[in-house]
Amino acid sequence: AQRVTQPEKLLSVFKGAPVELKCNYSYSGSPELFWYVQYSRQRLQLLLRHISRESIKGFTADLNKGETSFHLKKPFAQEEDSAMYYCALSGSARQLTFGSGTQLTVLP
Amino acid sequence: GAVVSQHPSWVICKSGTSVKIECRSLDFQATTMFWYRQFPKQSLMLMATSNEGSKATYEQGVEKDKFLINHASLTLSTLTVTSAHPEDSSFYICSAIPDKNQPQHFGDGTRLSIL
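Top line first, the protein sequences correspond to chains A and B.
Note that the working numbering has the first sequence beginning at 1, numbered continuously upward.
Note that the working numbering has the second sequence beginning at 1001, numbered continuously upward.
Don't read these hints as lab results, they were simulated from the structure.
Hints are supplied without guarantee of correctness; some may be wrong.
[Claimed, not checked] Below, a sample of chain B positions facing chain A; criterion: calculated Cβ distance under 10 angstroms:
1) F1034
2) E1059
3) D1065
4) I1093
5) I1097
6) P1103
7) G1109
8) S1113
Predicted model, so just to flag it, every value in this text is computed and none were measured.
We put the CB at the ideal spot given by N, CA and C, even for glycine.
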């Protein structure tokens, strides 16, 4: 069975501070990991996928197979980063299993 | 590119009514679409995988006769909530994959409220 755990429901940081959203996964094969973001009243959007190794809006995430983690990081948070962030895992069937989400609030 | 459109965005209806939700891929063809359900302040839960030209694959615990899925063309999948009751009230979201190397692209979702 595949499972994604996001331990923090809510996370608040001040503008300019570093931010890390935690994600751990459980999967027996070789998973593909994603971070999706949902801004207020908008659709779910892809932020990152581990295979592309890109940095989007200053966010990065590294897949750590030893720790089965895919934490999302940004060195300097901005107010416009406030949103709901979901970590997701895709197995061989291309279905996505989502974590419970972390609501990030960046305070001025 | 890779836009997924859902219709309607919001529907309110009486208990016992059947409600149809459409999911369209606007600028690509999708042999596979996915339907998710999201309760308030909770995560997305996969309900079923919709396959063009064949039967949908439902997740454990999802009633096939309650949630009818039809994927009659490469750009349209429909979810019909039959004889809807208040407990079916939720946010329903669909997604589609443009090709095997791309991630899922999501629709705006449909908020269903059953009175």
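Consistency of the hints with the structure:
Checking F1034(B) against chain A by beta carbon gives a least distance of about 7 angstroms; that is within 10 angstroms, so the hint holds. Taken as an interface hint, E1059(B) checks out: its beta carbon lies about 9 angstroms from the nearest beta carbon of chain A, inside 10 angstroms. Of the supplied interface hints, the one on D1065(B) is violated, with its beta-carbon coming no nearer than about 22 angstroms to a beta-carbon of chain A, more than 10 angstroms. Among the interface hints, the one on I1093(B) holds; its C-beta lies about 7 angstroms from the nearest C-beta in chain A, closer than the 10 angstroms criterion.
A distance limit of 10 angstroms between C-beta atoms decides the matter here; for I1097(B) the minimum to chain A is near 6 angstroms, and the interface restraint holds. Because the smallest distance between the Cβ of P1103(B) and any Cβ of chain A comes to about 5 angstroms, under 10 angstroms, the interface hint for this residue holds. With its C-beta approaching chain A no nearer than about 7 angstroms, G1109(B) sits inside the 10 angstroms limit, and its interface hint holds. Here the hint on S1113(B) is broken, as its CB sits about 17 angstroms from the closest CB of chain A, past 10 angstroms.
Taken one by one, the earlier hints fail for this structure at numbers 3, 8, listed in ascending order.
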